[in-house]
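Undergrad: Spelled out from the first residue to the last, the chains are:
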Amino acid sequence: MQHAIDNGHSQHAAGSHDHGHHDQESMKVLGFWIFLVTDCLLFGTLFATYVVLKGHVDGGPTGKELFEIPGFVAETFILLTSSFTSGLAVLAMNKGKVNQLIGWLIVTAVLGASFVGLEINEFVNMVNEGAKISTSAFLTAFFTLVGTHGLHVSVGLIWMIGLMVQLKMRGITPVTRRKITVISLYWHFLDVVWIFLFTIVYLMGVM
Amino acid sequence: MSQHSAGAAGHGHGHHEEHEDHGSLKAYVIGFIISIVLTVIPLLVVFQTSMNKTGVIITIITMAVIQLIVQLFFFMHIREGEGPKYNVMALIVGLFIVVVIVAGSVWIMSFNSVVQ
Amino acid sequence: MYASIKSFASSFFVTGDPLIYGADVSIALTSIAILFVLFYFKKWGWLWREWLTTVDHKKIGIMYLIASLLMLFRGGVDALLMRTQLALPNVHFLQADHYNEVFTTHGTIMILFMAMPMMFGLFNMVVPLQIGARDVAYPFLNSVSFWLFLFGAMLFNISFVIGGSPDAGWLSYPPLSELSGSSGVGENFYIWGIQISGIGSLATGINFIVTILKMRAPGMKFMKMPMFTWSVFSSSIIIIFAFPILTVTLALLFIDRYMGGHLFTMDGGGFPMMYINLIWMWGHPEVYIVVLPAFGIFSEIVATFSRKRIFGYKSMVFALMSISILSFFTWVHHFFTMGSGADVNVAFAIATMAIGIPTGAKVFNWLFTMFRGRIRLEQPMMWTLAFIPCFVVGGATGVMLAVAPADYQYHNSYFLIAHFHQVLIGGVVFGYLAGIYYWWPKLFGFKLNERLGKYAFWLWNIGFYVCFMPQYALGFMGMTRRVYTYGWDMGWGPLNLVSTIGAFLMGIGFVFQVWQILYSVKYGERDKTGDPWNARTLEWSIPSPPPMYNFAVVPVVDERDPFWEEKERRNFAPAEPVPVAKLEPIHMPRNSGIPFIFAACWFVAGFGFVFGWNWMAFTGLAGVGISLLVRSFTYDTDYYVPLEEVIETEKAAGRAV
Numbered sequence: 001m002q003h004a005i006d007n008g009h010s011q012h013a014a015g016s017h018d019h020g021h022h023d024q025e026s027m028k029v030l031g032f033w034i035f036l037v038t039d040c041l042l043f044g045t046l047f048a049t050y051v052v053l054k055g056h057v058d059g060g061p062t063g064k065e066l067f068e069i070p071g072f073v074a075e076t077f078i079l080l081t082s083s084f085t086s087g088l089a090v091l092a093m094n095k096g097k098v099n100q101l102i103g104w105l106i107v108t109a110v111l112g113a114s115f116v117g118l119e120i121n122e123f124v125n126m127v128n129e130g131a132k133i134s135t136s137a138f139l140t141a142f143f144t145l146v147g148t149h150g151l152h153v154s155v156g157l158i159w160m161i162g163l164m165v166q167l168k169m170r171g172i173t174p175v176t177r178r179k180i181t182v183i184s185l186y187w188h189f190l191d192v193v194w195i196f197l198f199t200i201v202y203l204m205g206v207m
Numbered sequence: 208m209s210q211h212s213a214g215a216a217g218h219g220h221g222h223h224e225e226h227e228d229h230g231s232l233k234a235y236v237i238g239f240i241i242s243i244v245l246t247v248i249p250l251l252v253v254f255q256t257s258m259n260k261t262g263v264i265i266t267i268i269t270m271a272v273i274q275l276i277v278q279l280f281f282f283m284h285i286r287e288g289e290g291p292k293y294n295v296m297a298l299i300v301g302l303f304i305v306v307v308i309v310a311g312s313v314w315i316m317s318f319n320s321v322v323q
Numbered sequence: 324m325y326a327s328i329k330s331f332a333s334s335f336f337v338t339g340d341p342l343i344y345g346a347d348v349s350i351a352l353t354s355i356a357i358l359f360v361l362f363y364f365k366k367w368g369w370l371w372r373e374w375l376t377t378v379d380h381k382k383i384g385i386m387y388l389i390a391s392l393l394m395l396f397r398g399g400v401d402a403l404l405m406r407t408q409l410a411l412p413n414v415h416f417l418q419a420d421h422y423n424e425v426f427t428t429h430g431t432i433m434i435l436f437m438a439m440p441m442m443f444g445l446f447n448m449v450v451p452l453q454i455g456a457r458d459v460a461y462p463f464l465n466s467v468s469f470w471l472f473l474f475g476a477m478l479f480n481i482s483f484v485i486g487g488s489p490d491a492g493w494l495s496y497p498p499l500s501e502l503s504g505s506s507g508v509g510e511n512f513y514i515w516g517i518q519i520s521g522i523g524s525l526a527t528g529i530n531f532i533v534t535i536l537k538m539r540a541p542g543m544k545f546m547k548m549p550m551f552t553w554s555v556f557s558s559s560i561i562i563i564f565a566f567p568i569l570t571v572t573l574a575l576l577f578i579d580r581y582m583g584g585h586l587f588t589m590d591g592g593g594f595p596m597m598y599i600n601l602i603w604m605w606g607h608p609e610v611y612i613v614v615l616p617a618f619g620i621f622s623e624i625v626a627t628f629s630r631k632r633i634f635g636y637k638s639m640v641f642a643l644m645s646i647s648i649l650s651f652f653t654w655v656h657h658f659f660t661m662g663s664g665a666d667v668n669v670a671f672a673i674a675t676m677a678i679g680i681p682t683g684a685k686v687f688n689w690l691f692t693m694f695r696g697r698i699r700l701e702q703p704m705m706w707t708l709a710f711i712p713c714f715v716v717g718g719a720t721g722v723m724l725a726v727a728p729a730d731y732q733y734h735n736s737y738f739l740i741a742h743f744h745q746v747l748i749g750g751v752v753f754g755y756l757a758g759i760y761y762w763w764p765k766l767f768g769f770k771l772n773e774r775l776g777k778y779a780f781w782l783w784n785i786g787f788y789v790c791f792m793p794q795y796a797l798g799f800m801g802m803t804r805r806v807y808t809y810g811w812d813m814g815w816g817p818l819n820l821v822s823t824i825g826a827f828l829m830g831i832g833f834v835f836q837v838w839q840i841l842y843s844v845k846y847g848e849r850d851k852t853g854d855p856w857n858a859r860t861l862e863w864s865i866p867s868p869p870p871m872y873n874f875a876v877v878p879v880v881d882e883r884d885p886f887w888e889e890k891e892r893r894n895f896a897p898a899e900p901v902p903v904a905k906l907e908p909i910h911m912p913r914n915s916g917i918p919f920i921f922a923a924c925w926f927v928a929g930f931g932f933v934f935g936w937n938w939m940a941f942t943g944l945a946g947v948g949i950s951l952l953v954r955s956f957t958y959d960t961d962y963y964v965p966l967e968e969v970i971e972t973e974k975a976a977g978r979a980v
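So the protein sequences, as listed, match chains A, B and C.
Counting in the numbering used here, the first sequence runs without a single skipped number right up to 207 at its last residue.
Counting in the numbering used here, the second sequence runs without a single skipped number right up to 323 at its last residue.
Counting in the numbering used here, the third sequence runs without a single skipped number right up to 980 at its last residue.
One should not assume that every hint holds.
Straight-line C-alpha distance at most 30 Å; calculated DSS-like pairs for lysine-lysine [as the list claims (entries may be wrong)]:
no.	chain 1	residue 1	chain 2	residue 2
1	B	LYS233	A	LYS95
2	C	LYS770	C	LYS890
3	B	LYS292	A	LYS95
4	A	LYS28	C	LYS382
5	B	LYS292	C	LYS547
6	A	LYS132	B	LYS260
7	B	LYS292	C	LYS770
8	B	LYS233	A	LYS168
9	C	LYS637	B	LYS292
Hints listed in this document are in silico derivations from the structure and should not be mistaken for laboratory results.
Owing to the predicted nature of the structure, the values given are computational and were not obtained by experimental measurement.
Make a model of the complete structure from these sequences and hints.
TA: Right, here's the structure in full:
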């Protein structure tokens, strides 16, 4: 055991603040990745519950009777596009263009908001048809699974607006750069989860 | 490597490399197009073909898994970044356990259909 | 007006039980005493600056430790109440419903609010020091985790005097825990208390994984990490994969209760066994979460007090990592009797037995480490030696329970109770106590008194066997868990009496430990060297208690047991001057009050949901959101400790600068 005297440490004192930041920020991105993995587990558990309880309709309506094909197909393409535009936002950030970055974030947020709007509309229609969360085990599992995803998207929207304000205030710095990287990961992740909702809940539901 | 110790490795670069780190427009567009195709195929399979149920389920789940992989590579850039890929390792173990949870639950709980 | 207040109060507060009135009075008196001390000595500012807002992992660790000891007291009192009730046949010390509450809170508190925080306390106190880091990867998040745990634990504990305790068992199986079976607020307290602290646990898991991956001292490769750090790493891996399952499971139960869902109800197509399937997907890994760090502690202690390297380092690491993965493949053994079919039961029985292999390998490694070592019988080593036979018996009865057909005989009997207490007390509690005795001088700068510690040790150990060995026999005699009383004709009286005596012996042991701590604060042997045990790893190379920044200069590691090797080198060449390292300003995170406020808002939200007061619940959630936004807009989160301050601190600790 010796002591690190020269090995990059003097560099630190010489005021290379950016390096410290760079390491810290990349560490935060890693932490966020691991958080996303735990979120995968969260959705995995909800999927397990849904799949097991799918047939437990208790004489109530089934997915085939309830799901409206144009609605969920539109939601799918809207969310996929927003995932793409959030990627374009990251590209703009890498080019150092703040306004373009904020522009793409606005597009992403608008698409996200219309996704949430469509989903709320879908839920309201179902409830009006008498398919409530308390109707059957199948519907409880359905509303919980899809609703949890919708909640994630909604939280992401608020977060995204907060970040746009920060970008306006501070421009692109190592810290805001990391924050945008993280939210774009989050947004892509939500789209990936939706692919499985689309496949396992909706497509297999209407079959 | 600790943020405080700032060792020699992995520090010889500034922000220059990060431009390549996060993919290019081309990668995003390709990823987007492939994803659209992989979304349209299941729709066609479910609504337009007369494949049997098992075949349809296998096809659409395969498409979903492929789209997952495509988005991981083209949108989430799991290949990039410096040092060991801890995020990828965590993701692989996590996805494995998700499969255990879902498949395990279905297997264990299927007793109900036998008992009832 | 008066009448409506009165009727509200009688449903809001728990009434009608003299034990609970006694508790009300003692809670009120303690709170008043604490407030008085804080006002009288004008300690509010100190409390806020030094503790409530701290992001220092050592202080957070100490707070975890204090909270977990309080919870050990609460859970222990529950245990003694139960054993008093069961001491003789036909006792009516507790009513049936009160007994249900007591065994529920005993289990929940001991696992989630005692073992978990004691474990996190040890994580925090030791890991950064052991890997040569100045803090964890995310100090702010670490503070968030602690306050979430504490407010979750408080929410769970106030159910005792407000609204009524949960009474559906420590895992709240539906349909009993559904509205149809438990219409009171007790189950809501259960759900929200665990939910809030569970989010904190998950965050701690992420935090320590990244800390260990990214913050190790230069040169400390994976295979040079201390064993405790390895065990924390493997335990954190299980945490991040298991805790989301718990979060979802409890949320689903709450959806049933709050929104009228039918996931686990008996009607509406609900499927109660699905809850049991899900909760054990978390629950079984959970026991490995708490036991693996104990294994790590034993590995450190055995090596230090035998003055030898740990035997079979690589196999120890391999065992830890394989247990952390295998632990996800055994959950069905908790409900073999559900009758899922021979194929399912066989698969999970084999997986369960397979875990015995790496665990057995670890036991042999500890024994071989001691073989021909120069063993010193100090307190940490005594607990380690007590652990080995206890855990071997507990493991063997575990394998008996893993035999699926035989499990139909043991299921939910006192045999099971004896088994899991043997692995949880003999493994986890003994392990954590050993760890506390071992690292106490590092954190506080003095040793815990030896003589009082020995009394406590023998009381705990004799008490343990007197308490639990009869329970194996009672299980075979047909006594099932959760019965609140039994008749003379059952023939269970004598063994139950013996068991109760054992429980009280352990209780006296705990009293000795409290006395030991108080006594040692005043008279304990001070540690001036920083290395009171002649130990092997990096944490012992710095002063005790460590300065705020831990390491004035980040060490460079080139072998396992780096501090031991360094000492050997110096002994070999004493003339060689100790190199004096160049000090520099140190980069540290700033304290923050947000974690405390954030967690307090969760508490408000949880309390609102418990009583179905949506205005309160959503106010709390709004507070949660605002705290997060405020943090997101805070950019001034760290600072540099000036060089002069570092030099002064090092000089004060008697270190060459």
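Undergrad: Each hint: holds or not?
TA: To see whether the hints hold, each was checked on the structure:
1. Distance hint between B/LYS233 and A/LYS95 is fulfilled; the C-alpha atoms sit about 15 Å from each other, no more than 30 Å.
2. The hinted pair formed by C/LYS770 and C/LYS890 meets the criterion: a straight-line CA distance of about 22 Å does not exceed 30 Å.
3. For the proposed pair B/LYS292 and A/LYS95, the alpha carbon gap of about 25 Å is at most 30 Å, so the pair holds.
4. A hinted pair counts as satisfied when its Cα atoms are at most 30 Å apart, and A/LYS28 with C/LYS382 qualifies at roughly 23 Å.
5. For a cut-off of 30 Å, the pair hint linking B/LYS292 to C/LYS547 stands: about 20 Å separates their Cα positions.
6. Among the hinted pairs, A/LYS132 with B/LYS260 is consistent with the structure: their alpha-carbon atoms are about 28 Å apart, no more than 30 Å.
7. For a cut-off of 30 Å, the pair hint linking B/LYS292 to C/LYS770 is broken: about 43 Å separates their Cα positions.
8. Restraint check for B/LYS233 and A/LYS168: satisfied, since their Cα atoms lie roughly 28 Å apart, inside the 30 Å limit.
9. Distance restraint check for C/LYS637 and B/LYS292: the Cα-Cα separation of roughly 23 Å lies within the 30 Å cut-off, and the hinted pair is therefore satisfied.
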